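Working from the sequences, and respecting the hints, build out all of it.
Quick mapping for you: the protein sequence lines, in order, are chains D and Y. Under my numbering, the first sequence has 597 at position 98, and the numbering climbs by one with no breaks. Under my numbering, the second sequence has 50 at position 38, and the numbering climbs by one with no breaks.
Because the hints were derived from the structure by calculation, they are not lab data. Possibly wrong hints are sitting among the right ones.
Said to hold, decoys possible - Estimated spans, in silico, between C-beta atoms of each pair:
#1 D771/D x F78/Y: 49 to 55 Å
#2 R792/D x M203/Y: 49 to 55 Å
#3 V122/Y x E701/D: 19 to 25 Å
What the hints assert, rightly or not - Which residues of chain Y face chain D? A few of them, derived with a C-beta cut under 8 Å, are:
#4 E75
#5 F119
#6 I127
Only a predicted model underlies this, so the values are computations on that prediction, with no experimental measurement involved. Ideal placement from N, C-alpha and C gives every residue a C-beta, glycine not left out.
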Amino acid sequence: MPAMAGTEKFMTAIKSLDAGALYARSDPDRLTFDTTADLPDLAEIVGQPRATEAIQFGIGIRRDGFNLFILGEPGTGRHMVTRQYLERRAATESVPHDWCYVNNFAQPYKPRALRLPAGTGARLRDDMAQLMEDLRSAIPAAFESEEYRTRRQELEQGLKERQEQAFEGLRKEAEGHGIALIRTPSGMAFAPTRKDKVLSPEEFQKLSEAEQKRVEAVVTTLEEQLARIIHQFPQWRREGQQRIRDLDSEVTMSAAGHLIDELRKKYAPLPDVVHYLDEVQEAIIENSDDFRRGEEGGEMTLLGIPISRSVSGASTWRQFQVNVLVDHGATRGAPVIYEDSPSYQTLVGRVEHLAQMGALVTDFTLIKPGALLRANGGYLVLDVRKLLMQPYAWEGLKRALSSRELRIESLGQVLSLVSTVSLEPEPIPLDVKIVLVGERLFYYLLYHYDPDFRELFKVAADFEDDMTRREDSDMLYARLVATLARREGLLALDRAACARVIEQGARMAEDAEKLSIRLRDISDLLREADHWARTARRDVIGGEDVQRALDAKVYRSDRVRERLQEEIQRGILLIDTAGERTGQVNGLSVVLLGDFMFGHPNRITARVRLGKGEVLDIQREIELGGPIHSKGVLILAGFLGARYAAGRPLSLSASVVFEQTYGEVEGDSASSAELYALLSALAEAPVKQSLAVTGSVNQHGEIQAIGGVNEKIEGFFDVCRARGLTGDQGVLIPAANVKHLMLRHDLVEACAQGKFHVYPVHTVDEGIELLTGIPAGERDDQGLFPDNTINQRVEVKLLVLAEQARAFGTPLETGKDGE
Amino acid sequence: MNTPATSTSSIRRILVALDASASGMAALEATAAFASRMEAQLLGLFVEDINLLRLAALPFAREVSFLSARTRRLGGAEMERALRAQAALAQAALIAAAEREGVNCSFRVVRGEMIAELLAAAHEADLVAIGVTRPGDRRAASTVHGMVGTAPGSLLLLPADARIRPPVMAIYDGSAASMKALVVAQRLAQMDGGMLTLLISGGAAHVRQEVAEQLAGSGLVVRYHALSDLDIPELVQSIRKEAVGTLVLGGDIGLKRGTLQHFLERIDCAVLLVR
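Below you can see the structure in the form of C-alpha cells.
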C-alpha cells in the first residue's frame, strides 16, 4: 500500500527520543563528597542574584518611599533571605532610641512622648518608681514634723487673730462710745449699753434727743466699719490659705526637692527629661495632700474595685509613672521586627482601657506600642496577604509611612466613629524601613490599583522559582541540600540521595535544564527522606530513602489518579491503546489536586459534514470549555480555512468533543489532538490508538509547547503498561517540550527497551503522518498536494463539500453579510 | 489606789449650752459622744439672750450680715422668731445627737442673761459643756470667760472640731483640784488606750510620790514631764508638741504670765476643767 510505504518512509524521518533525552540524570560520581555533612553551608542563597541585589539596594538606601516589596512564590526562601540580609545589615547600624510616654500635666489627655538613648527609658522608669516610693514616706514625715505643725498653727492663728484684732479694734472704738458689738443669730449688731447690758427701749427713750442722735450716728458709722471689715474676710481667708499652701509647698519641696535634684543631675544631658522633672516637681507640690495621706493616698477602691482618683487624668501615683513603650537596653544594632499578625492595632499600637464603675477609663500608662514603634529606627517585615486581610491595617501603615510619624489612635478615632474623649498621644517621628513579603499577584494588584503604593514601595525584589541547571549546578545544589539538612537537623545525604534530590529539583521545575529553588518543597522532601532513613535505622539518607519519600508522597495523594486508571482499565472510560479509528485521537490532560498533579488520556473525537465553515466546540456550547480551550478550537478553523480553502468558501461544519468529561476543560494543550481528529475525519484516515497526543497548534500548523508534559506522558504510559506494552505505544509531544522531560524511571526504562516511545513533533504534518502512517504531503509547483496524502484528501473533501454547498444553495461562510 | 470622791464615774448629768452655730453643733456632737462613754444624761439649755431682744427693740436696731456684710433692720418680732428658730434647730440637733450616741436627753429654753442662766442651770449638772467662741463674738467669749471664772462645777470647753480623744494630758500641781483632774485623766486614758502624759509642776518629792501612788496599778503607760512652774507659753508649746487631744486640769490651777482664760484661748484641744 502506498500509505504504508509513506509511513515507512516517515518512520525513518521522525525518531522517537532516546532514553537519555527523557531524563536529565545527575551523576553521583560527579559529586565530590561522601555525604552532605562534608559540605559547608551556603553563605548566600542560590539562584536569586536579581532578588538579592534588589534587597541589598532596598535596605541600603535611606530615602523616603524606598521600602521593599519582596515578591515571589511561597517556599522560595523569601523570608529566610530577607531575614538574613536585614539582620546582617541591622547589626552594623546604631541602636535606636527608647520611646516612653509620660503624663502631660497641663493636658493629661495629650501624653508626652520622650525620646531617650537606648536603655535610658527603663532606668528613668525605675528612678521615677523609686522617687515615688521615697516620697510616700518622706512627704508624710515632713508634714508630721513639729516645725510644720507649729508653723501651720501660727498661720491659722494669725488669720484668727487678724480677724479678732479687727473686731477687737472696732469693739474698743464702740465701747469708747458706750456701744457694744453683739453677735446676732445671723450677723452682728451694735447697741448702746450700760453696765454691760443693752439699753432697753425705755432706757433709750429716756436719753436726750441729742444723745439718741449721737448714738444712732455712731452706730451707723460703726456698722459701716464693720461692713468693711467683714468685706475683707474672704480676702484674708484667701491670703491665709495661700500662705498655708506656700508652707505646704515649702515643706513638700524640703522633702522632695533634693530627691528630684539628684535625678536632674543624673539626667542633665537630656533636656527633655529635665523639663519633665520640673513638671513632676510642680505636680508633686500640687498633689502634696495625696502624698500626705500616705498609703491612703493610693488607689481608691469601692467594693474592692479600684477607682481612679482623677477623672480627667491619671490617678495620683500613676501620673508619675513612665510608660516605656520601646526599651532598646538589650538591643544590639537596629531592630528587625517580624509582625506575624499585622492588624491595625498590632501595627500602630493601641490605647487600652480599664473598666471602672461601669465606665471605661484610660491614661497614658495604658498606651501599648505596635510593631511600627518597636521597629522604629530599623526594619519591619510583614506578610502582605495577612496585612491586606486585616481591616484598615494597610491604610494605617500607609498613613504612618506618608506622614513619617506615628499617631497611636484607636480605629474609632481614626474613622471618627466615636466622639468620646480618649487620649491623643503626642505623635512619634517614624524612621522605619518596611519590607513586605508576598506573591507577585499582590504586587501587581497594588501597583495597579493603589496610587500610594508606588510612592511608598519603590523597590521590588522578585524571587525566581528556579535556577538554570549547568555543569557546576549539581555541586551548588548539593550545598543547598546540605545547608537545608543541617538547618533542619536532618541526617546527611549520601551522593546517590543528593543526586536524586537534584533530579527531583529538575522535575519540580518541570524543566530538565532548570532546578527548582522552592526551598520549602525541597525541605519537605528532605524531611520525609530523613524519616524513612531513620525508620530503616540508617545513619545517612540514601537514594532509596529519597525515592521512597517521593513514592510515598505520590501514593498518599493519588487516590483519584488510581480511580481514573481503574475506570479506563475496566472500560468505563473509553480509551483505546491499540487499533485505528477515524476521527478519534487520544488527547492528554492534567489534573491538579492541591500540590499533586497527574496526567491521563481523554478520547477526543471529531465529525464533519456540510456546513457554513464553523468548527463547533461542543465543550464551549455547553459552557464546559474555558476561554483558552475555545481559543484553541477557533484556531483550528483558521488553520483549515487558510491551508485548504483559501480561494473558496469553507463549507464545513465540524464538531469536536472531549468524550466522557463532565467538568470544565481548560487550556489549549489538546488543540493539536483536536486538529488531528478533524484531519482524520476529513481525510477519512484512521488514527493509531496506540499513540496519544499533546501540544497546542497555531494557525500555521506549528506545534507549540505545553505544560505538565511529564505527567501527561506518564498518564498514558500507565494506561498502556496496565494493558501490556506492545512496543507501538507512545506519545507525541511538542518538540519544544523535550527539554522539559524528567520522566519517571520506569517509563525511561521502557523507552530504553523500545517498549514505549516519545515523539517530538514540530508541525501538524509530522504529527498526522505519525498518527495515520500516511504522508501529509506538500504542495507542488502547481500548488497541488500529491495524491493520497492527508492534505490532498482533506482538500478534496473540502472542495466536494463546497460544491455540495453551492449545489444545495447553502448560505456560505461569508453569506451572513448578504442575508 | 487612792480614789477621791470626784471621778468620771460621778458625771451623771452634763449640761450643754446650745446655740445653732457650727461650733455649737460641733461641741454638742463631742459632748454627746462623751456622755455616751460616761453613761451620762444630756441636759440641753438654750438661752434666749435678753440683750438681743433689747437690741431688737431699739428704734435704730440694725444687723450687719456676716455673710454679705449688708445692713438690714432688726425688729422685736423678727428677733423672737430668729431665736425660736435657733432653739428649734438646737433641740433637733440635741435629739439627733442623743439618739446617735444612745443617751437620754432633755431640752429647755430660758430667757435671760447668758451667764446667769447657765450658772443657774449648772447647779443641776455635774459638768457644763461649752463650745469655745468664734472670732469677733465678744459676748460668747465673755460667756466662756465668765463660766470659767464663776462656774461652781466642772467645765468641758470644746473648741471647734475638738473631741474628747487621746492622747490625754493632765497637769498636776499638788492641789486638790489637780488630784481630781489626775483621777479623771487616768480614767479617760484607761478608756482610750492606756497612754497618759503628765505635766508635773513643782518637782517636790512628795508631789511625785502622790502621783505614783495614784497611778499605781492603773496599767497606764505614763510619760512624765517636769515643769519648774506653769508658764503659759511653755504649756502651750508642750500641748502642741504632744498633739494633745484632751487636756485635764484643776479649776484652781495657778498659771504664770496670764490667766486661765488667756491660756484656754491659745489651745485648740478639748479641755476638762475639774473642780
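Hint check for M203/Y and R792/D - Cβ pair distance inside 49 to 55 Å: For R792/D and M203/Y the Cβ distance comes to about 28 Å; the hint is violated.
Interface restraint verdict for I127/Y against chain D (beta-carbon cut-off 8 Å): violated (10 Å)
Closest C-beta approach of E75/Y to chain D relative to 8 Å, hint status: At 4 Å from the nearest chain D Cβ, E75/Y passes the 8 Å test, so the hint holds.
Cβ distance range 49 to 55 Å for D771/D and F78/Y, holds or violated: At 52 Å between Cβs, range holds.
Hinted contact F119/Y with chain D - closest CB pair below 8 Å: violated (18 Å)
19 to 25 Å as the expected CB spacing between E701/D and V122/Y, which holds or is violated: holds (23 Å)
Checked against the numbered hints given earlier, this structure breaks hints 2, 5 and 6; the rest are met.
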